[in-house]
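Trainee: As given, the protein sequences belong to chains A and B, one line each in that order.
Take 1 as the starting number for the first sequence in the working numbering and just add one per residue.
Take 1001 as the starting number for the second sequence in the working numbering and just add one per residue.
No wet-lab data here; the hints were simulated from the structure.
These numbers were taken from a predicted model, which means no experiment stands behind them.
From the three backbone atoms N, C-alpha and C, an ideal C-beta is built for every residue, glycine too.
It is possible that part of the hints are untrue.
What follows is a set of in silico ranges between Cβ atoms, one per label pair, in the way DEER data are often shown [as the list claims (entries may be wrong)]:
1. B:Leu1202 <-> A:Arg65: 41 to 47 Å
2. A:Arg96 <-> B:Arg1024: 42 to 48 Å
3. A:Leu80 <-> B:Met1114: 27 to 33 Å
4. A:Val69 <-> B:Arg1172: 32 to 38 Å
5. A:Ile97 <-> B:Ala1169: 53 to 59 Å
6. A:Pro38 <-> B:Ser1130: 21 to 27 Å
7. B:Ser1130 <-> A:Val21: 37 to 43 Å
8. B:Lys1128 <-> A:Arg96: 25 to 31 Å
9. A:Val69 <-> B:Gly1135: 34 to 40 Å
10. B:Leu1038 <-> A:Asp93: 39 to 45 Å
11. A:Ile17 <-> B:Lys1128: 42 to 48 Å
Sample of chain A residues at the chain B side, in silico, Cβ under 10 Å [to be verified]:
12. Leu30
13. Pro38
14. Ala41
15. Val43
16. Ile47
17. Asn60
18. Gly78
19. Pro92
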Amino acid sequence: MQAFRPAVGLSLRGYWITWGVLLVFTVVMLWADTASIPRLAFVVFMIAAMLTKASIIGANFMHLRHERVGIVLTVVVGLLVTATVLFVLIAPDAARIHEMVNRFGPR
Amino acid sequence: MTQPATPSLDRWAGGVCPYDAGWRKVMMWWFIVTDGLLFAGFIASYGYARVLAFHWPDQSDVFSLKYIALMTFVLITSSATMASAVRAAADGRRAEALRYVVLTTVGGAVFLGMQAYEWSHLIGEGAKLSSNPWGDASFGAYFFLLTGFHGTHVLTGVIVLTSTAIRLATNRSTKDGVEMAGLYWHFVDLVWVFIFTLFYLL
Chain A
1 MQAFRPAVGL
11 SLRGYWITWG
21 VLLVFTVVML
31 WADTASIPRL
41 AFVVFMIAAM
51 LTKASIIGAN
61 FMHLRHERVG
71 IVLTVVVGLL
81 VTATVLFVLI
91 APDAARIHEM
101 VNRFGPR
Chain B
1001 MTQPATPSLD
1011 RWAGGVCPYD
1021 AGWRKVMMWW
1031 FIVTDGLLFA
1041 GFIASYGYAR
1051 VLAFHWPDQS
1061 DVFSLKYIAL
1071 MTFVLITSSA
1081 TMASAVRAAA
1091 DGRRAEALRY
1101 VVLTTVGGAV
1111 FLGMQAYEWS
1121 HLIGEGAKLS
1131 SNPWGDASFG
1141 AYFFLLTGFH
1151 GTHVLTGVIV
1161 LTSTAIRLAT
1171 NRSTKDGVEM
1181 AGLYWHFVDL
1191 VWVFIFTLFY
1201 LL
């Protein structure tokens, strides 16, 4: 039977530090939701915080940082690039329809 | 005379096991990628509806963000207990792994209960798939679609974790089994990070 790379990960303490970091991010995001921040800065901050939280979960809890580069690239590129392309391709269409309805009124 | 080169492990060589992981882990990752793309499709579709909408409801008028934050806290904590269970199982501490898996299952069940309460509350206020009292008609549809689909995953996770706990208690679970259940559970937490930010906060 072939021996695979042994399952490694953080120590228990490391996992609970990760939990603390995720909680801090969540609290800061909730604070930002109530603060008076310009809309664009708010959106950029929220998306950055969301992606950081997702990366922390993937790297530490799901052990991606300890996996072989091939599996990391397959998962991250597969998910992130496809999801980005999906959104980038359809969002401008929604904005265009929104603008047309604004200009010409609803059907 | 030169020494023969020491055979080194080329991590990019591919071959019979390019990912250096067992088939169960690789298949779980493939499942996570495909399921993640399904959620990506839903979220992209939600983004489309959101950009198109003329009057998207202000979330703070509809939801209690403190309540949603509590749900998030429960899910993040259950992810930490699950990671601890995987660590304990990998180190051969079966009783400790069982304790953490049970805690994770309880966390999942609490999250589901909270979500059921949130649903019943909003349905009571008039939220439907086709309409709602707060604004754009698609708001209700995307709320039920996104949280419902995620909740179904949580329910599946609770069932998988219960099975894992029973197998651990009866000495039939391996550390790989706990690790696979953990991967799935963290994925459920990961998806919630996106739903929490994009649906409840933005």
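Trainee: Which earlier hints can't be squared with this structure?
Mentor: Failing hints, ascending: 1, 6, 9, 10, 13, 14.
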